[in-house]
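A.B. asks: As a plain string of letters, each chain reads:
There are 2 protein chains.
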Amino acid sequence: MSLIAQTPPPPYYAVIFSSERSDANAGYAEMATRMLALAAAQDGFLGVESARNELGITVSYWRDLAAIRQWKANLEHLEAQQQGRALWYLRYKTRIALVERDYQHEL
Amino acid sequence: MSLIAQTPPPPYYAVIFSSERSDANAGYAEMATRMLALAAAQDGFLGVESARNELGITVSYWRDLAAIRQWKANLEHLEAQQQGRALWYLRYKTRIALVERDYQHEL
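From first to last, the protein sequence lines stand for chains A and B. First residue of the first sequence? That's 1 in this note's numbering, and the numbers climb one at a time after it. First residue of the second sequence? That's 1 in this note's numbering, and the numbers climb one at a time after it.
Just to be clear, a hint being listed does not mean it is correct.
Claimed, not checked - With a Cα cut of at most 16 Å, we get these calculated EDC-like pairs of lysine to aspartate or glutamate:
| # | chain 1 | residue 1 | chain 2 | residue 2 |
| --- | --- | --- | --- | --- |
| 1 | B | 93 | B | 20 |
| 2 | B | 72 | B | 43 |
| 3 | B | 93 | A | 100 |
| 4 | B | 93 | A | 102 |
| 5 | B | 72 | A | 102 |
| 6 | A | 93 | B | 100 |
Claimed, not checked - Covered stretches of chain B, as calculated for chain A (at least 3 residues, CB under 8 Å):
| # | stretch |
| --- | --- |
| 7 | 29–35 |
| 8 | 47–53 |
| 9 | 67–79 |
Just so you know, these hints were derived from the structure itself, not from any lab. Every residue gets a Cβ at the ideal spot worked out from N, C-alpha and C, and that includes glycine.
Generate coordinates for the entire structure from the input sequences, incorporating the hints supplied.
C.D. replies: If you want it as structure tokens, here you go:
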């Protein structure tokens with residue numbers, strides 16, 4: 001199975017979340033797993049890709065801005081965001097971007 | 001120093017390159033380093049973020065579509081793309097996206 005998100009043809013939205021973690025690990029993995037499940041269950045969710053070394057990048061894909069707004073305002077997600085700022089992340093940057101084109105290659 | 005790209009206020013463009021590597025490593029690290037230097041030297045380049053586990057995600061940021069087109073057509077980059085398809089990548093997906101908003105948090 002490919003780890004690359006199988007998104008529909010553009011246009012759609014990407015939320016690029018780039019983060020540097022703190023040394024605090026308590027609760028982090030559980031939160032990440034829970035947020036993934038919660039996002040995936042939400043209307044308008046199209047897929048997600050994630051990788052981390054020193055820098056972590058998670059790109060989630062969404063049908064439209066309304067779906068992103070709804071995800072951002074989800075109560076459980078808001079709580080995770082608050083805990084993230086207090087505990088797990090040194091810094092992060094979130095970018096909301098309209099995917100205009102995509103192309104792929106498979107061997 | 002932050003690993004998160006210090007991009008100017010939106011709008012600007014993001015190229016999201018998601019890839020799964022093959023087992024072929026010969027020449028890969030040298031190519032990646034060279035392409036990073038080549039991109040950074042190009043007009044319109046705003047920054048880059050990169051992480052890899054099983055999946056690799058590299059997001060490069062650009063002033064406009066013209067800068068992305070120029071980078072895509074760079075001869076040395078074209079050669080690297082060709083070698084990438086033949087050797088280093090099992091599959092990849094490239095997404096061109098207009099960053100409309102961003103926000104950040106720092107402890």
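A.B. asks: Can you confirm whether the C-alpha distance between residue 93 of chain B and residue 20 of chain B stays at or below 16 Å?
C.D. replies: This hinted pair holds, its Cα atoms lying about 9 Å apart.
A.B. asks: Below or equal to 16 Å on CA atoms is what counts here, so check residue 93 of chain B against residue 102 of chain A.
C.D. replies: holds, 7 Å
A.B. asks: Has the given pair, residue 93 of chain A with residue 100 of chain B, been kept, meaning a C-alpha gap of at most 16 Å?
C.D. replies: holds, 13 Å
A.B. asks: Are three or more residues of the stretch 47–53 of chain B within 8 Å, CB to CB, of chain A?
C.D. replies: It holds, with 5 qualifying residues against the three required.
A.B. asks: Would you mind confirming whether the straight-line C-alpha gap from residue 72 of chain B to residue 102 of chain A stays at or under 16 Å?
C.D. replies: holds, 13 Å
A.B. asks: When you check the alpha-carbon spacing of residue 72 of chain B and residue 43 of chain B, does it fall within 16 Å?
C.D. replies: Holds. Residue 72 of chain B to residue 43 of chain B sits at ~13 Å (cutoff 16 Å).
A.B. asks: Verify the proposed pairing of residue 93 of chain B with residue 100 of chain A, using a straight-line Cα cut of 16 Å.
C.D. replies: Holds, at roughly 13 Å.
A.B. asks: Quick check: do three or more residues in the stretch 29–35 of chain B have a beta carbon closer than 8 Å to a beta carbon of chain A?
C.D. replies: violated (count 0)
A.B. asks: Against chain A, does the stretch 67–79 of chain B show at least 3 residues with beta-carbon separation below 8 Å?
C.D. replies: violated (count 0)
When each numbered hint is compared with the structure, violations occur for hints 7 and 9.
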